[in-house]
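Engineer: What follows is each chain in one-letter form.
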Amino acid sequence: MKRFCLILMLAVGRLTGSAQTHAPEVLTVIHSDSFAGSLLSHHTLYTGHVRVDHPGMKLTCEWATTDSPTTNSPDTIIVARTNVVIDLAGKTGTNTNGAAGMTGVGNQSWHVTSDQAVYTNHPAGTVTNETLTISGHAIAKSEKETITGEPLIYDLVTKQFSGSNYEMVVSGAALPPAPQAKTNAAAVNTNAVSNPH
Amino acid sequence: MGIVRHTLYGIRRTAGPALAAACALLWAAGAGRAEDRENPVKQASDYTSVEYFDPPHELQISSRITGAEAIPLPGGHETLVRQFKLELFGTNGLPTYIVEAPNCRYDEMSGTASSPGHLTVRSADGKVTHEGDGFLWRQDDKFLTISNHVHTVIKDGPEIKAKP
Chain A
1 MKRFCLILML
11 AVGRLTGSAQ
21 THAPEVLTVI
31 HSDSFAGSLL
41 SHHTLYTGHV
51 RVDHPGMKLT
61 CEWATTDSPT
71 TNSPDTIIVA
81 RTNVVIDLAG
91 KTGTNTNGAA
101 GMTGVGNQSW
111 HVTSDQAVYT
121 NHPAGTVTNE
131 TLTISGHAIA
141 KSEKETITGE
151 PLIYDLVTKQ
161 FSGSNYEMVV
171 SGAALPPAPQ
181 AKTNAAAVNT
191 NAVSNPH
Chain B
198 MGIVRHTLYG
208 IRRTAGPALA
218 AACALLWAAG
228 AGRAEDRENP
238 VKQASDYTSV
248 EYFDPPHELQ
258 ISSRITGAEA
268 IPLPGGHETL
278 VRQFKLELFG
288 TNGLPTYIVE
298 APNCRYDEMS
308 GTASSPGHLT
318 VRSADGKVTH
328 EGDGFLWRQD
338 DKFLTISNHV
348 HTVIKDGPEI
358 KAKP
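Protein chains in written order, with the working numbering: chain A, 1 to 197; chain B, 198 to 361.
Keep in mind that the hints were calculated from the coordinates and are not lab data. For glycine and all other residues, C-beta sits at the position ideal for the given N, C-alpha and C. Hints should not be assumed to be uniformly reliable.
[To be verified] Restraint ranges, calculated between C-beta atoms of paired labels, are given here:
hint	chain 1	residue 1	chain 2	residue 2	range
1	A	124	B	245	38 to 48 Å
2	B	321	A	162	12 to 22 Å
3	A	70	B	280	22 to 32 Å
4	A	150	B	272	20 to 30 Å
5	A	85	B	328	16 to 26 Å
6	A	55	B	328	16 to 26 Å
7	A	85	B	247	40 to 50 Å
8	A	74	B	274	18 to 28 Å
9	A	87	B	274	18 to 28 Å
10	A	75	B	313	26 to 36 Å
11	B	245	A	70	19 to 29 Å
12	A	85	B	317	23 to 33 Å
[Unchecked claim] With a cut-off of at most 25 Å between alpha-carbon atoms, the simulated SDA-like pairs for lysine to any residue come out as follows:
hint	chain 1	residue 1	chain 2	residue 2
13	B	324	A	145
14	B	339	A	131
15	B	324	A	131
16	A	58	A	122
17	B	282	A	60
18	B	339	A	65
19	B	339	A	25
20	B	324	A	166
21	B	339	A	42
22	B	352	A	25
23	B	352	A	43
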């Protein structure tokens, strides 16, 4: 009986996994051609072949801005603009919050294209919240599924998508069944945001 | 800063003739050693330039530029600083950023530092580092531009506080 209760508690713990989890320090590496920024405001601009390497994703874009964490403002915010391409690392088995064998989007790798993506790391005490808000012709594709949304929100901790106007197509069969099957066109960048340079 | 540079050029103006005369005497006496013949005019060690905050924090250092060696360049405005190090401070006196470069041209008139060489920047709390090649630093607004091969590392995550 005790063993059954323990298994049940573990299962409930997995099912109730949220965006918050105890997490180690996250290393985000940004490469670019050039950099401009104020060391007073901690606001910086990266231009040219911008690449962001993060344990949960690899992102490329034409330019990006960042707000670095400070003692007074611990959040990290990266805004990626123009021709944004993101590869989200999937994980089979145990994901970052310890939910072994979690099924669904958390087990897959995703290729995402959009006009803009905003990465936010909001540490709160000993807990980390990491989200990616993808907007502007946002399309996420895996081996079997395609997700659109405006915006699409990806939780880098639970590895799950959510969002507004959210639609998922699984191997040609829409979920939930829609009146017409949606075929998503290839992402076309119409982002007219000008480079502040 | 003005004091430091004034001192540097003061050495050139006032010490030059005296040194030449001293060297001539030593040479004439046949007692001149190699280190005595070095011309101190062309280099100064332990270069330091300090800038303070505006009132009401006028007693607090806002930035400090140091170098192992400083060589005044022709034209009088620029100084070549070797082992360039720039430290930025908050109004609380704590350091915020440390910028380092092997070599740098520092222009006091325009308040800029620049170099085609390598640069490293790190926040004092160790959370952010920037590296790259070729930079321009504007002292007035504390604005940094890195031209090539930018590499930034951001360490973030939950604050782990040690138990008392």
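Engineer: Look at each hint and say if it fits the structure.
Structural biologist: Outcome of the hint check:
no.: 1; hint: A:124 / B:245: 38 to 48 Å; in the structure: 42 Å, holds
no.: 2; hint: B:321 / A:162: 12 to 22 Å; in the structure: 38 Å, violated
no.: 3; hint: A:70 / B:280: 22 to 32 Å; in the structure: 27 Å, holds
no.: 4; hint: A:150 / B:272: 20 to 30 Å; in the structure: 57 Å, violated
no.: 5; hint: A:85 / B:328: 16 to 26 Å; in the structure: 24 Å, holds
no.: 6; hint: A:55 / B:328: 16 to 26 Å; in the structure: 20 Å, holds
no.: 7; hint: A:85 / B:247: 40 to 50 Å; in the structure: 46 Å, holds
no.: 8; hint: A:74 / B:274: 18 to 28 Å; in the structure: 41 Å, violated
no.: 9; hint: A:87 / B:274: 18 to 28 Å; in the structure: 49 Å, violated
no.: 10; hint: A:75 / B:313: 26 to 36 Å; in the structure: 35 Å, holds
no.: 11; hint: B:245 / A:70: 19 to 29 Å; in the structure: 27 Å, holds
no.: 12; hint: A:85 / B:317: 23 to 33 Å; in the structure: 29 Å, holds
no.: 13; hint: B:324 / A:145; in the structure: 37 Å, violated
no.: 14; hint: B:339 / A:131; in the structure: 31 Å, violated
no.: 15; hint: B:324 / A:131; in the structure: 20 Å, holds
no.: 16; hint: A:58 / A:122; in the structure: 19 Å, holds
no.: 17; hint: B:282 / A:60; in the structure: 32 Å, violated
no.: 18; hint: B:339 / A:65; in the structure: 17 Å, holds
no.: 19; hint: B:339 / A:25; in the structure: 28 Å, violated
no.: 20; hint: B:324 / A:166; in the structure: 36 Å, violated
no.: 21; hint: B:339 / A:42; in the structure: 10 Å, holds
no.: 22; hint: B:352 / A:25; in the structure: 6 Å, holds
no.: 23; hint: B:352 / A:43; in the structure: 16 Å, holds
The structure shown violates the earlier hints numbered 2, 4, 8, 9, 13, 14, 17, 19 and 20.
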